[in-house]
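S.K.: Chain A is fixed; fit chain B onto it per the hints.
2 protein chains.
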Amino acid sequence: MATKQLLDHLPAELTAAFKGKRVLITGGLGFIGSNLAHALVALDVNVTILDALLEEYGGSNVNLRGIEDKVEVVNGNILDEELVNKLVTGVDFVFHFAGQVGYIDSKDKPFVDLDYNGRGNLIVLEALREHAPKARILFSSSRLVYGKIQTTPVTEEHPTEPLSLYGIHKLLGEKYYAYYAHNFGIHGVSVRIPNPYGPRQQVKHAKYSIVGWFMRLAMEKETIQIFGDGSQERDYIFIDDIVAALLYTIVNGQAGEAYNIGSPERMTFGDMVDAIITTVGAGDKEYLPWPEDYEKNETGDYVADTSKIELDTNWRPRVKFADGIAEMVAYYKENKELYW
Amino acid sequence: MATKQLLDHLPAELTAAFKGKRVLITGGLGFIGSNLAHALVALDVNVTILDALLEEYGGSNVNLRGIEDKVEVVNGNILDEELVNKLVTGVDFVFHFAGQVGYIDSKDKPFVDLDYNGRGNLIVLEALREHAPKARILFSSSRLVYGKIQTTPVTEEHPTEPLSLYGIHKLLGEKYYAYYAHNFGIHGVSVRIPNPYGPRQQVKHAKYSIVGWFMRLAMEKETIQIFGDGSQERDYIFIDDIVAALLYTIVNGQAGEAYNIGSPERMTFGDMVDAIITTVGAGDKEYLPWPEDYEKNETGDYVADTSKIELDTNWRPRVKFADGIAEMVAYYKENKELYW
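Chains as they are written, first to last, in the numbering used here: chain A, 157 to 496; chain B, 157 to 496.
The set of hints was computed from the structure by calculation and includes no laboratory data.
Note that the coordinates shown come from a computational prediction; the quantities given were computed from them, not determined experimentally.
Honestly, I wouldn't trust all of these hints.
Intra- or inter-copy, both count: the list cannot distinguish identical chains.
Computed cross-link-like contacts, DSBU-like style, restricted to lysine-lysine with a CA-CA straight-line distance of at most 30 Å [to be verified]:
hint, residue 1, residue 2
1, Lys-265, Lys-290
2, Lys-265, Lys-242
3, Lys-304, Lys-489
4, Lys-452, Lys-489
5, Lys-290, Lys-452
6, Lys-304, Lys-464
7, Lys-177, Lys-452
8, Lys-476, Lys-160
9, Lys-290, Lys-304
10, Lys-360, Lys-492
11, Lys-160, Lys-304
Chain A on its own, in the form it takes in the complex:
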């Protein structure tokens, strides 16, 4: 699902870099990791997934439907140093997604967030340094490292003053990759992912993806609540564009660098809601004032400047929201019982 379109747009020299290689995906049963796994299997890659399937996060074996027999799944925790040491041995690439997923939860679980989003990176980097110093690694960071947005489009030089512990620990992770590149020659890159959406996203609650949650509400003919006037800009990026960016960046990115990714168009929050309601053909919307607690996390308009990744890696964003959401809705209509 979704993989063919994605694969058709990858250049031959890029896919050749993965063919026959060994890849470890931590958190590989989650939204982004599992979509990447589907793509890698199609590229003839030997994929191992490490996932703890922690109940509150988004990982699910359902996400591997169709490739269950083509990947090795290890049920284990990124904080298990011995296991991580073993799993990185002999790999060519590591995609590191294991982490606490929601910025909202990070407020109530500071130490859990530090462990999963901070220490987890240090564990995997130390493992590479000891056992696979030539392997390349990619870290899924977040646009939430920026905090309150001062000017858009946002370049990687924008100040990093995160408004959540989640954002603080993602920033910490990025600094580790820069440090290990500089001091030990570990080829790590960070990708600052904005608002992702697409098939295999957790849609059980509103905390991880607002797009997924709104799609669910619309499919259930519910009313979508918009805080404020819905005019804030967001960068909603479709999973195929993300997976392509991960592949381009782990191969072509410069060691130690952090890269924005973003969609090919500018959209407001209200436009996103309208597109979902139109695509689903159901649902309604209403406007509410901002609750106090949300305003502290409100970053203001976010639009990524993607010129750095385009220059360094040759990746380009491709999928417009209307097309991405259509594909997403089709997936969940077909697989509703697996994700609700």
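M.R.: Relative to chain A, chain B alone:
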């Protein structure tokens, strides 16, 4: 020792803010913490010190000579959440110095550094949030949060790309104080300390303070080795100026902000060495090429722009190197047997 000169320069409204108050100093047996304790005792403050006296760090009961009976010392670890919760209850101010002290050691002990310089802050901030939300807290950060210096004098807006895990975790700490100020109203400030020197500094090895170590070499009539041509600028700040800055900033600083401190003059590394040899009246120097491992940590010239702290808190740097080093040498000549 040194305290009278310092106290004479503090304005009455500042000292009044501390009189009769309860203060917790974590890492209070170390260089900066113990000098602060001497000043606070003189200001009629009820001081509690938490210190683990970890062997490899700079803490020592010797540093409390003269005020042993006037402070409470708790031998315990900053990572002991229950103990920290208990100690913050009822305090008015917390000065947080407990940490792994050396950027060099952080390379070989990544997890220890994360625990002491990262998690330790989260523990003390969570303790304040639960048990002393009105208390003010100051965090001793470092100029090493900046990494490679791009322009001098360095303002707080300079990019923060630390070259060591120590610097990365100090930056992490700063982000926590900003977050807890913003989200929970905890009045925390960070002070970015450049190269500190003065009485009560550990001089057993070269890893913590180059000034202290060079002073020891000169006192032992040894040759001081200078890597490169000694022309790099550094901001050597005397302990009295640091202690004054801590007092001014915890009272007058803005919650969540990080502040540079720095000395009243610009100096090169070579000037510093010459001043030590002159003041001690012994020792010699020689020039050597940079070893490869040191160059990776070499930040280039560092001179702090201190206009932000001067504007917000009214603190001013006061002590020139010639005067500070004279006081330091006198102290160690008198107390050599306690520190060698």
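S.K.: Given identical chains, is Lys-160 near Lys-304, meaning Cα to Cα at most 30 Å, within a copy, between copies, both, or neither?
M.R.: Answer is neither; intra-copy 37 Å and inter-copy 45 Å both fail.
S.K.: With 30 Å as the alpha-carbon cut-off, assign the pair Lys-290 and Lys-452 to within, between, both or neither.
M.R.: between (42 Å within a copy, 20 Å between copies)
S.K.: Check Lys-290 against Lys-304 for me: Cα-Cα at most 30 Å, and say if that holds within a copy, between copies, both or neither.
M.R.: For Lys-290 and Lys-304, the Cα distance is within 30 Å only across copies (26 Å; inside one copy 37 Å).
S.K.: From the Cα coordinates, with 30 Å as the cut-off, is the pair Lys-476 and Lys-160 best called within, between, both, or neither?
M.R.: Within one copy only: 17 Å inside a chain, 69 Å across chains, cut-off 30 Å.
S.K.: Tell me, please, which holds for Lys-304 and Lys-464 at an alpha-carbon limit of 30 Å: within, between, both or neither?
M.R.: both (21 Å within a copy, 21 Å between copies)
S.K.: Regarding Lys-177 and Lys-452, is the shortest C-alpha distance of 30 Å or less found within a copy, between copies, in both, or in neither?
M.R.: Neither: 44 Å inside a chain and 32 Å across chains, both beyond 30 Å.
S.K.: Cα distance capped at 30 Å. Does Lys-304 pair with Lys-489 within a copy, between copies, both, or neither?
M.R.: Intra 36 Å, inter 53 Å, cutoff 30 Å: neither.
S.K.: Tell me, please, which holds for Lys-265 and Lys-290 at an alpha-carbon limit of 30 Å: within, between, both or neither?
M.R.: Between. Shortest inter-copy distance 22 Å satisfies the 30 Å Cα cut-off; intra-copy 35 Å does not.
S.K.: How do Lys-360 and Lys-492 come out at 30 Å by Cα distance, when the copy is not named: within, between, both, or neither?
M.R.: within (11 Å within a copy, 67 Å between copies)
S.K.: Tell me, please, which holds for Lys-452 and Lys-489 at an alpha-carbon limit of 30 Å: within, between, both or neither?
M.R.: Neither: 35 Å inside a copy, 54 Å across copies.
S.K.: Can you give me the call for Lys-265 and Lys-242, within, between, both or neither, at a CA distance of at most 30 Å?
M.R.: For Lys-265 and Lys-242, both the intra-copy (29 Å) and inter-copy (21 Å) Cα distances are at most 30 Å.
In summary, the numbered hints that this structure violates are 3, 4, 7 and 11.
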